[in-house]
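Undergrad: Sequence:
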Amino acid sequence: MGATSAKTLLGLGISRDDIGRAVRAGDVVRIRRNCLVDGRIWRDAKPWDRHQLRARAVMAGLPKGHTAALSHHSALALREVPLHGVDDRVHLVHVGAGRGRSDGVVVGHRPVAEGLVEVHQGIRIVKTAVACLQVAACFGAEAGLVSADHVLHTKRIAREDLDEALVALAPGRWSRAPGHMCHLADARIESAAESRARWAFQMLGFRQPTPQVRIHDDDGEYVARVDFLYEELKLIIEVDGLDKYQSRADLIAEKLREDRLRALGYEFVRLTWADLADHLVVRRKVLDGVARAEA
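To convert a position in the sequence shown, counted from 1, into the numbering used here, add 204.
Every clue listed holds true.
Pair ranges (Cβ atoms, derived): (1) G319 - A499: 51 to 61 Å; (2) H420 - V494: 22 to 32 Å; (3) L408 - T212: 43 to 53 Å; (4) A499 - A457: 27 to 37 Å.
Read the hints as simulated data drawn from the structure, not as lab findings.
Ideal placement from N, C-alpha and C gives every residue a C-beta, glycine not left out.
Take these sequences, add in the hints, and give me the full structure.
TA: In structure tokens:
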């Protein structure tokens, strides 16, 4: 079933009593009234995948002829775009006019123009660039940047799409975060951790290091590609995400890579996912690295 509505099941001849029994047995999860998800799929879903199921169920449960479209991170979840720093509620906009009500499951936002909406897998959603800007406006530039960097890097959108969406939404009247996000968004960034690191550098007033630099030895032989580099300092900044270097073989390979780079005169700063939540830790680690590089 995935996600569906009680009305759809009733139309298939399944009674309300049958639906109630399925919910009590855990075979079906009720997201809200008339919005249902297959219980097995729900239990097996990763935490970040449940939002997509929740969003599909909410859309399935809306009345026929509705003017709503998924927005913000709910639209991004349908496209399996990485999310960070957002909530669990399903976010909707109406197209043209009207504003939906909010409750514990759904958040209704100001309407958008028809041209900012498209159909994805049979569901109306705002365009990807619009959704990234909405996330930034609602949850902060860092949250929007994680998604925007990803869709730029994977070529789902172009830089011009972000710029055009920024003009169309005109969020500057009520939030500066989308503009900050657009300024920083970079197609070279390859992970949520790297996006968060760049936001930390921005907030700390650091000059942005160059991302994704290929390093060669004195003979021109390729050695490694690093996350970030302050070239004049020969200071490398590596950012370890939630799933980086999990196996022993990965750890050994990374140690050998780091040893070779150190032999070429490079200094290292390593930031973890947990570090990125505390900008004072990031500041201390980077400044300590700068001091070592200048020694």
